[in-house]
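**Q** All chains, full assembly: derive it from the sequences and hints.
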Amino acid sequence: MGSSLSEKIFMIFIYIFTGAFALACFLPFWLVLINSFAAESNIKLHGYQLFPKEFSLASYQYLLEGKQVLSSYIVSTSVTVAGTILAVAVTSMYAYTLAHPKVRYRNILSFLTYFTMIFGTGLVGFYILVANWLGLKDTLWALILPYVLNPFFAFIMVSFFRTLPYEINEAATVDGANDLTIFFKIIIPISKPVIATVSLFYALQYWNDFFLALLFIDDYKLHPLQMMIRQLISNINIGAYVSGSQTTYTQPLPTYGVQLATVCLTIGPIILLYPFTQKFFVKGITIGALKG
Amino acid sequence: MAVFREILKNKYLYLLALPGLLFLLVFAYLPMTGYLIAFKKYRLSDGLWGSEWVRFDNFKFFFMGSDWYKVTFNTIFLNGLFIVCGLGIALLLAIFLNEVRNLVFKKMAQTFIFMPYFISWLVVSMMVFAFLNTTDGILNRTLAAYGIQGGNWYLMPGIWPAVLTIIYIWKFAGYYSIIFLAAITGISGEYYESARIDGASRYQQIIHITIPLIRNVLVVLALLGVGRIFYGDFGMIYGIIGDNAPLYPTTDVIDTYSFRALRQLGDFSKSSAVILYQAVMGLVTIVLFNAIAKKIDKDSSLF
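Protein chains in written order, with the UniProt record's numbering: chain A, 1 to 292; chain B, 1 to 303.
These are computed hints drawn from the structure, not numbers from a lab.
The structure displayed is predicted, hence computed values, not measured ones.
Worth double-checking, as some hints may not be accurate.
[Said to hold, decoys possible] As a list, the in silico PhoX-like pairs of lysine-lysine whose alpha-carbon atoms are at most 25 Å apart:
1. A:LYS279 / A:LYS192
2. A:LYS137 / A:LYS67
3. A:LYS283 / B:LYS107
4. A:LYS185 / B:LYS9
5. B:LYS11 / A:LYS185
6. A:LYS192 / A:LYS102
7. A:LYS102 / A:LYS185
8. A:LYS67 / A:LYS185
9. B:LYS70 / B:LYS60
10. B:LYS41 / B:LYS107
11. B:LYS11 / B:LYS41
12. A:LYS283 / B:LYS171
13. B:LYS11 / A:LYS102
14. B:LYS11 / A:LYS137
15. A:LYS8 / B:LYS70
16. B:LYS60 / A:LYS8
17. A:LYS67 / A:LYS221
18. B:LYS106 / B:LYS171
19. B:LYS11 / A:LYS283
20. B:LYS107 / A:LYS279
21. A:LYS137 / A:LYS221
22. B:LYS106 / A:LYS279
23. B:LYS9 / A:LYS102
24. B:LYS171 / A:LYS279
25. A:LYS192 / A:LYS67
[Unchecked claim] The following label-pair restraints were derived from C-beta to C-beta distances:
26. A:LEU272 / B:GLY88: 56 to 64 Å
27. B:ARG43 / A:LYS102: 14 to 22 Å
28. A:ASP175 / B:MET108: 15 to 23 Å
We put the CB at the ideal spot given by N, CA and C, even for glycine.
**A** Set out below in structure tokens:
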């Protein structure tokens with residue numbers, strides 16, 4: 001191998017830069033995880049540490065004994081599951097029509113969809129619609145319905161459906177299948193990669209969103225996990241919020257610990273999804289970005 | 001009649017699109033009537049139609065003050081930083097990752113770099129707080145260990161454009177680098193083969209093959225960014241800055257400004273005027289830049 005010295009230095013630089021960037025991405029996660037197990041006194045004394053000297057489960061214990069984390073978990077999970085299923089169903093059906101060469105008005109539909117991406121809906125009208133006209137304030141529907149059709153995700157699906165050979169359609173029509181049967185029995189099963197990708201996108205959006213909760217959810221019993229984090233950051237009275245009552249505690253509250261433990265409980269499920277969908281996800285991002 | 005016949009002919013296909021279409025009409029187009037409020041003095045009790053017309057008063061109010069200039073500048077400046085630095089670093093990362101031959105290292109690095117994409121802005125905000133807060137923050141503790149006096153970072157607006165840009169890069173570099181990496185993988189190996197025969201070094205191959213061949217992807221991504229330059233990421237800015245007024249001079253963007261007008265002041269009309277201004281400017285930008293892109297390079301335009 002005739003690699004020169006400068007070439008070797010260049011390669012070393014590449015490894016160092018990439019490694020350092022990866023480390024910088026990873027470290028905050030490590031700090032949050034490890035310090036959520038640190039004793040509160042330890043954090044107070046030394047700040048956040050890479051390797052705390054004293055470990056304690058007090059934050060988790062405290063958090064899991066309270067009522068708020070359970071109810072927030074239920075809210076987040078049900079919104080994410082129900083929302084993702086509904087959104088993927090609506091989006092894939094819509095995208096299929098947009099991609100279908102038989103549909104003469106598909107360009108009009110596409111334009112209607114695209115236009116909402118470049119000309120905003122407007123916060124005020126949106127707020128009035130959801131809160132006053134539809135009366136969804138303080139209901140879970142306010143967290144689900146607004147995200148049911150994301151134009152960007154729809155176009156990812158459109159570009160996938162366009163790659164499917166039209167012969168499938170013709171063959172099935174000859175066999176007497178109508179468009180509904182074709183879609184549900186043939187198209188859906190062969191579209192698993194794009195459905196997996198878009199599902200993960202939607203799941204991420206539902207799970208991580210706090211904007212809708214901020215606008216429409218005042219009742220803390222309906223606070224999703226993200227709102228719980230927000231309350232814990234800005235709070236006020238952590239004791240009353242987490243435990244769901246006005247109990248007074250004799251021991252000092254693990255404030256930082258509780259924040260970090262909540263964060264760990266929040267990112268756990270969504271990070272765990274990643275390895276399973278990574279293969280699809282990377283492909284999906286690529287299609288989406290290049291053709292969306 | 002032709003419309004009717006077409007719909008009847010493909011009734012099942014239009015039926016499939018119906019829920020999505022209904023959604024668009026209700027959640028995207030119906031709220032646009034809310035822009036009318038920008039020209040009215042909105043009172044909840046009078047409703048959208050009953051409120052009094054005031055024509056351009058709300059706009060006058062917005063444009064006469066110093067706020068409009070500040071939030072417009074912040075929005076464009078921050079987004080500009082995000083686009084340039086975010087895409088720049090992501091491109092660099094993708095090129096470097098492509099050069100890495102050690103597969104274990106490559107896989108691990110990629111997994112770590114992609115992780116921040118998955119977490120919410122509030123979690124990011126927690127991490128930023130853990131790093132920057134005055135008393136227990138990692139930065140100030142570390143500085144103190146070396147005998148240096150730390151700062152009260154959450155009261156210093158000057159540093160936040162840089163801080164937000166770093167956070168943006170941290171969160172999105174992985175996402176964009178995957179897009180670039182996919183484009184690089186699509187480049188035929190023959191180019192590199194013949195370059196190597198001609199004696200080109202790795203560095204020269206990157207400059208003369210890799211970068212020119214993924215230029216299109218870069219242009220499209222930059223265009224998408226520029227097209228949305230009037231829209232801030234509300235979740236990001238509000239998640240991290242929240243209602244921390246001392247930082248508004250450099251971080252308040254159109255989205256957060258109008259949100260505050262709506263939620264805290266309850267001023268529907270003013271908020272609506274600001275957002276209409278944003279939407280119109282956004283539309284103008286995207287049409288303008290698309291036309292420019294078409295002039296420069298036919299394949300790079302969005303529509």
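**Q** So, against the hints stated earlier in the document, which numbers end up violated here?
**A** 8, 10, 11, 14, 15, 16, 19, 25, 26, 27 and 28
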